[in-house]
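*Asks:* Sequence:
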Amino acid sequence: MMFWRSVVGKLWFTILLLVSVVLLILTVLLLQYFERFHTDHAESELLNHANLIVSLLEDEETDDQAALAISGMISETYSTKALILLDEEEYWYTSDENLDDIPLSVFYEDPQLSQVIQAGETVVTQGNYTFPISGEQISEEVMIAGLPVVFATGEEGSLFLYQSHDVVEEASNQTKNIIYLSAGIAIILTTVFAFFLTTRITAPLRKMRKASLEVAKGNFDTKVPILTNDEIGLLGIAFNRMARALNTNLNALNQEKEQLSRILSSMADGVITLDRDGSVMVTNPPANEFIGAWLYEQGYEAEESGQLPEKLQSLFEQVVTEEREQMGEVDVQGRSWVILMTPLYDQDHVRGAVAVLRDMTEERLHDKLRKDFIANVSHELRTPISMLQGYSEAIVDDIAGSEEEKKELAQIIHDESLRMGRLVNELLDLARMEAGHIQLNIEALEIEEFSNRIVRKFQGVAKEHDVNLIGDIASVGQSVYADQDRVEQILTNLIDNAIRHTPDGGVVTLRLASYHNGVKLEVEDTGAGIPEEDLPFVFERFYKADKARTRGRAGTGLGLAIVKNIVDAHRGKVSAHSRMNEGTTFSVFLPYGEPPEE
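Numbering (full-length UniProt numbering), first residue to last: 1 to 598.
Derived by calculation from the structure, the hints in this document are not laboratory data.
Some hints here could point you the wrong way.
[Unchecked claim] Result set (EDC-like, lysine to aspartate or glutamate): computed pairs, CA atoms no more than 16 Å apart in a straight line:
| hint | residue 1 | residue 2 |
| --- | --- | --- |
| 1 | K463 | E416 |
| 2 | K573 | E540 |
| 3 | K520 | D568 |
| 4 | K311 | E329 |
| 5 | K520 | E449 |
[Said to hold, decoys possible] Here are the in silico distance ranges between beta carbons for each label pair:
| hint | residue 1 | residue 2 | range |
| --- | --- | --- | --- |
| 6 | M281 | K311 | 12 to 22 Å |
| 7 | Q478 | V350 | 47 to 57 Å |
| 8 | V350 | F196 | 37 to 47 Å |
| 9 | R579 | R456 | 48 to 58 Å |
| 10 | K223 | Q32 | 36 to 46 Å |
| 11 | V461 | E582 | 14 to 24 Å |
| 12 | M360 | K463 | 52 to 62 Å |
| 13 | G328 | E582 | 51 to 61 Å |
| 14 | G328 | R579 | 20 to 30 Å |
| 15 | F196 | L234 | 44 to 54 Å |
| 16 | S386 | I442 | 51 to 61 Å |
| 17 | P591 | K463 | 28 to 38 Å |
| 18 | R456 | S386 | 36 to 46 Å |
| 19 | E231 | F196 | 45 to 55 Å |
Predicted model, so just to flag it, every value in this text is computed and none were measured.
The beta-carbon is built from N, C-alpha and C at its ideal position, and this holds for glycine as well.
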């Protein structure tokens with residue numbers, strides 16, 4: 001079946017069928033022609049022989065016996081038999097058969113043969129007659145020529161020269177055999193020639209097919225050999241040009257793709273490409289960060305459903321419906337993202353959309369900090385200054401009647417002055433850190449022992465607040481090179497905040513985990529959590545938790561900002577995750593670092 005589906009099979013079968021039809025028609029026409037030719041030729045010869053015998057019989061110089069003898073010789077030579085009728089009882093016969101067995105009534109009863117006797121006409125006919133054939137009377141197809149005869153004596157008669165139709169059939173059969181043999185040889189030669197021709201024609205096509213498969217696999221160096229200058233040769237030249245053009249275009253596309261990939265990966269804005277069904281096709285790192293934060297916020301339920309944030313999904317539906325760009329804004333884990341979504345077209349139809357996500361949190365945070373910095377500093381200083389002013393006036397005006405009351409007022413003034421000093425020192429320390437003037441005393445730090453010591457250090461404070469402090473310390477196989485005092489300052493701030501914001505009976509966990517390039521310290525509490533809108537600001541100056549969730553002394557709001565600067569100085573990373581009414585986790589990643597130069 002595969003052969004008949006191939007070009008070789010189709011061409012070979014088409015040529016063979018065409019030649020066969022032509023030969024069949026030609027054979028039929030030749031057979032008909034030669035059949036008529038042999039019949040006409042036999043009739044012509046029979047008539048000529050009959051005329052020859054008649055001329056002999058009518059010749060005055062030839063006697064009857066000699067004429068009959070010559071007629072017999074002519075009849076034997078050409079396989080014919082002559083019958084000369086004088087009347088219904090007298091006749092002459094050229095053969096040795098028994099003359100009494102000749103059915104003379106045939107000649108008088110047959111309409112055509114009787115015309116020779118009665119009207120003296122010349123007749124050539126054939127039919128199924130009974131005549132002595134080879135010594136026996138056999139009824140078969142016989143060809144008869146009848147001519148009137150006028151003997152030299154003036155006596156009239158009729159000559160009937162006949163022969164069996166087998167003579168004509170034999171000649172026809174020989175002709176048929178020659179025609180059949182010629183047709184068979186022609187069919188065989190046509191088959192061989194057609195197969196050879198189609199093979200020669202399709203050989204370059206097979207090479208092109210093989211080359212096209214190689215090109216489909218990506219091997220664009222494949223070339224088709226050009227062996228002829230005909231249409232197939234031109235097709236091979238066009239194929240080679242096409243392969244070179246495909247190779248050039250594919251290289252250009254790969255370069256464009258790599259360039260686009262580099263651009264996307266280096267963009268500060270997030271990029272998400274969606275198909276017609278809203279499925280994510282392409283993302284870059286900022287977009288992955290956005291999706292990861294949203295998945296965390298949703299409790300990883302959205303990862304199972306494969307959906308996008310509702311705002312993003314709504315914008316996509318508007319883009320597909322209205323076929324124009326849309327803009328929106330969504331808040332995820334306290335960060336504000338502005339989304340610009342533009343439709344992607346496949347000719348006249350929308351085939352998807354591309355969304356550009358810009359994190360506007362920092363810009364808005366900076367605007368807010370610029371507006372709030374003076375107010376925050378004024379607020380932090382106004383309270384202790386007011387208290388200093390009020391209590392000092394009370395002492396000056398002798399409102400405090402006793403020495404104990406004066407000492408108490410003086411102690412309050414002293415505490416507020418210390419508070420103002422801490423605030424100013426922390427502001428100066430933070431300013432130096434942000435200016436890059438922080439000094440680090442890098443040394444080898446056994447982080448496991450250090451973490452356990454910090455847990456023991458805060459056990460007393462945790463018990464006072466009825467909080468269970470737990471240490472989940474993993475084994476670390478190497479030392480961390482860092483400033484021990486600064487790392488202790490980090491954990492002190494984080495654990496102190498966690499204890500102060502965890503209700504009675506809550507749990508605070510210090511967790512240490514090891515990674516191939518550093519260690520991660522996590523302080524996790526089971527407190528009320530941080531509101532989503534406050535998460536972006538937790539590491540900024542003067543951030544404070546809600547006073548309703550603060551127990552004991554109030555902080556200055558600079559601790560987490562100092563923590564972030566210390567971690568940045570160690571080339572680490574700090575982050576915060578929180579869910580309302582579930583708790584907050586602060587994560588600090590510190591690289592192993594390198595030992596200090598001696």
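*Asks:* Decide, hint by hint, whether the structure agrees.
*Replies:* Hints versus structure:
no., hint, result
1, K463 <-> E416, "violated, 27 Å"
2, K573 <-> E540, "holds, 15 Å"
3, K520 <-> D568, "holds, 14 Å"
4, K311 <-> E329, "holds, 8 Å"
5, K520 <-> E449, "holds, 15 Å"
6, M281 <-> K311: 12 to 22 Å, "holds, 19 Å"
7, Q478 <-> V350: 47 to 57 Å, "holds, 55 Å"
8, V350 <-> F196: 37 to 47 Å, "violated, 57 Å"
9, R579 <-> R456: 48 to 58 Å, "violated, 29 Å"
10, K223 <-> Q32: 36 to 46 Å, "violated, 57 Å"
11, V461 <-> E582: 14 to 24 Å, "holds, 23 Å"
12, M360 <-> K463: 52 to 62 Å, "violated, 44 Å"
13, G328 <-> E582: 51 to 61 Å, "violated, 28 Å"
14, G328 <-> R579: 20 to 30 Å, "holds, 25 Å"
15, F196 <-> L234: 44 to 54 Å, "violated, 23 Å"
16, S386 <-> I442: 51 to 61 Å, "violated, 43 Å"
17, P591 <-> K463: 28 to 38 Å, "holds, 34 Å"
18, R456 <-> S386: 36 to 46 Å, "holds, 40 Å"
19, E231 <-> F196: 45 to 55 Å, "violated, 19 Å"
The structure fails to meet hints 1, 8, 9, 10, 12, 13, 15, 16, 19 from the earlier list, while all remaining hints are met.
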